[in-house]
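Residue numbers (this note's numbering), protein chains in the order written: chain A, 1 to 356; chain B, 357 to 667.
Please keep in mind that the hints were generated in silico from the structure rather than gathered at the bench.
Computed from a prediction, not measured in an experiment: that's the story for all the values here.
Derived CB-CB ranges, DEER-like: (1) A:10 to B:519: 53 to 63 Å; (2) B:649 to A:199: 28 to 38 Å; (3) B:450 to A:199: 22 to 32 Å; (4) B:507 to A:224: 46 to 56 Å; (5) B:530 to A:349: 46 to 56 Å; (6) B:661 to A:23: 47 to 57 Å; (7) A:350 to B:427: 56 to 66 Å; (8) A:216 to B:598: 26 to 36 Å.
If you want a taste of the chain B side facing chain A, the calculated C-beta under 7 Å gives, among others: (9) 444; (10) 454; (11) 455; (12) 457; (13) 459; (14) 461; (15) 469; (16) 470; (17) 473; (18) 641; (19) 644; (20) 647; (21) 651.
Ideal Cβ positions, reconstructed from N, Cα and C, are used throughout, including at glycine.
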Amino acid sequence: MFHRESGYYKTSYASDSALYPLPIARFAVAGFAILFFVVAPLLVSSYYLTILNLVGIAIVGALGLNILVGLTGQISIGHAAFMSVGAYTAANLATRFDLPFWITLPAGGLMAAAIGIIVGFPSVRIKGLYLAISTLAAQFIIDWFIVHTPAISGGFQASIQVPRPSVFGIILDTQRELYLFILVTVVIAIIIALNIARSRVGRAFIAIRDQDIAAEILGIDVRRYKLMAFAISSFYAGVTGVLYTYYSGVANNEFFPLVVSIDYLAMVIIGGMGSVLGAIFGATFVTLLPIAIDLFMTSVGPYLIEDTGALSGIKSHMRLILFGGLIMFFLVVEPEGLNRLWLNIRSYFRVWPFSY
Amino acid sequence: MDMFAVWYFVETTVNGALIGLMYALIALGFVLIYKSTDAINFAQGQFVMISGVMVAALAADYGVPIVLGVIIALVFMILFNVMLERIVLRPMIGRPVVAIIMATIGLAAFLEGLFPMIFGATTRALDLGIPNDPIIVGQVYLTPINLVGGAVALTFFGAFSIFFMKSRKGVALRAVADNHQVSMAMGINVERYFVLAWSMAGVVAVLGGLLWGSAIGVDNTLAVVGLKVFPVVILGGLESIVGCIVGGIIVGVIEAWGGTYIDPAMTQPWFRDFFPFEGGGTKDFLPYLLMIVVLFFKPYGLFGKVIIERV
Numbered sequence: 001m002f003h004r005e006s007g008y009y010k011t012s013y014a015s016d017s018a019l020y021p022l023p024i025a026r027f028a029v030a031g032f033a034i035l036f037f038v039v040a041p042l043l044v045s046s047y048y049l050t051i052l053n054l055v056g057i058a059i060v061g062a063l064g065l066n067i068l069v070g071l072t073g074q075i076s077i078g079h080a081a082f083m084s085v086g087a088y089t090a091a092n093l094a095t096r097f098d099l100p101f102w103i104t105l106p107a108g109g110l111m112a113a114a115i116g117i118i119v120g121f122p123s124v125r126i127k128g129l130y131l132a133i134s135t136l137a138a139q140f141i142i143d144w145f146i147v148h149t150p151a152i153s154g155g156f157q158a159s160i161q162v163p164r165p166s167v168f169g170i171i172l173d174t175q176r177e178l179y180l181f182i183l184v185t186v187v188i189a190i191i192i193a194l195n196i197a198r199s200r201v202g203r204a205f206i207a208i209r210d211q212d213i214a215a216e217i218l219g220i221d222v223r224r225y226k227l228m229a230f231a232i233s234s235f236y237a238g239v240t241g242v243l244y245t246y247y248s249g250v251a252n253n254e255f256f257p258l259v260v261s262i263d264y265l266a267m268v269i270i271g272g273m274g275s276v277l278g279a280i281f282g283a284t285f286v287t288l289l290p291i292a293i294d295l296f297m298t299s300v301g302p303y304l305i306e307d308t309g310a311l312s313g314i315k316s317h318m319r320l321i322l323f324g325g326l327i328m329f330f331l332v333v334e335p336e337g338l339n340r341l342w343l344n345i346r347s348y349f350r351v352w353p354f355s356y
Numbered sequence: 357m358d359m360f361a362v363w364y365f366v367e368t369t370v371n372g373a374l375i376g377l378m379y380a381l382i383a384l385g386f387v388l389i390y391k392s393t394d395a396i397n398f399a400q401g402q403f404v405m406i407s408g409v410m411v412a413a414l415a416a417d418y419g420v421p422i423v424l425g426v427i428i429a430l431v432f433m434i435l436f437n438v439m440l441e442r443i444v445l446r447p448m449i450g451r452p453v454v455a456i457i458m459a460t461i462g463l464a465a466f467l468e469g470l471f472p473m474i475f476g477a478t479t480r481a482l483d484l485g486i487p488n489d490p491i492i493v494g495q496v497y498l499t500p501i502n503l504v505g506g507a508v509a510l511t512f513f514g515a516f517s518i519f520f521m522k523s524r525k526g527v528a529l530r531a532v533a534d535n536h537q538v539s540m541a542m543g544i545n546v547e548r549y550f551v552l553a554w555s556m557a558g559v560v561a562v563l564g565g566l567l568w569g570s571a572i573g574v575d576n577t578l579a580v581v582g583l584k585v586f587p588v589v590i591l592g593g594l595e596s597i598v599g600c601i602v603g604g605i606i607v608g609v610i611e612a613w614g615g616t617y618i619d620p621a622m623t624q625p626w627f628r629d630f631f632p633f634e635g636g637g638t639k640d641f642l643p644y645l646l647m648i649v650v651l652f653f654k655p656y657g658l659f660g661k662v663i664i665e666r667v
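Full structure from sequences and hints, please.
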């Protein structure tokens, strides 16, 4: 019941693509569900819930970017712009029309998806570096457009106050309530991402990633699926933006600069391209990294460096150095990222302790 | 039309074109690496930044004369780039484009953290002894640093063109750029030419750092110049050195026009009736907009090599 299989015994496609390959997977999922839905909100303190919330938001964005970069093999350096689109769409709907979150959340996603299709349109003709730079261009253009259009950005400093979301009349304004709200969204996002990966659409994406001309010859409508990948991915990004807006209580383009796009790409790569679990690992890792550095520097730093001003400077520099260094390290040494490390550990214990 | 407007137009355009040539110089570093090693270097702006920071910090904090500082920076950049190629980029040959882009983005973050940590994050002036007073030709006011920058850029482009066309190493480098395997078969030591390409990119970065550093001051924001490289290389075409110059001039001129004509026009009532935009800053995204438009009609840029893909 709690065992893993000792080898590969899959004999049908259905068993190969099953969501729960073994009974133990079902138990693991149930265990995690209890841990995150019941234990965490009861026991974890408010400060750590803040961190969990940030991780949850990052997971949604990383899952979306993973569909585009990991599954379809396209690239977007403008993902933060889609988040910005989602954030402002939701903020405008929530403040002007007083709409509840269950309308603004998908609406932000849909708007981002629509913009994503436009931005992804060059991918029909170009790929690789040219595509990367055209999405980079989209980041600048969308950002400029939002900030300089008062009708969207709300004028001064481009920030809009957003009311807290409410469920059945309960206003979600503590970290604990926001945590559950974000957690539910994350779970839905994970389930959709898992199902996309194993469905017909996901297989078409993978075929395009591996060789798009061959995929076209196999009868896959490459244009349609490329644009679909952009749409799904930017839908996720839009939802991320809305979540972040509800989480921080304000929509502001300062939250979504180019650096954020790069952070999300780093999540997908450090986690391991093309796997849902990898995106979750990557999002957790990249979100926790600056917090861990901060914690380390405030606890150990004063013994090393006396000057507090210099210390806070070093903190922000250390973050960049470690972040950049880790990206390079993973790409050179372990291109399949944290997910591969996890699989290695798992397959080591598959027949442990009788490994011969 | 009165003469003043014409002179003003000429002045804007010429200064824009000169700045564009300085962009082209940075873009040259990018193109050199892409042409010969197929690596996409998103950290070219950071290379420019670190060489500028190094020279300025050595001069200001340690009293090293500029000339000596430049030599130190040159040696450092060449060694650094050679090491970088060996450790990071060579293991990644043949990997997907996104991986290589990401590695150099990681490198960019790494350098942006490391160098301010070593040399301090303050903004420094980099004085090359170029006067600040504008040079007046007819009624056109030209900024001396832009003139020097344009001249240096043109000289270097000339030198590189001769190098690529005439010298033995240049021809070998072109062969490497064309096809790695065939050049290996012809007895060219491909890896040595990778090193050569990266060192040349390092030299170009130091030049860019000096020129841009003395034009806008030296600190972390100098790396932002690197973002202008992309419209330049895409407009010109990734493999083309001529495209680099043309792309650079186009981007420079478009920026200048955006700043002097489009931004003020956007505050006019007749414009705001159509598009309710606020403020200016069009020069930051106009080059990108133009680039996207060009990509729709010429997917490989104006002078780029059209790749026919085979399965």
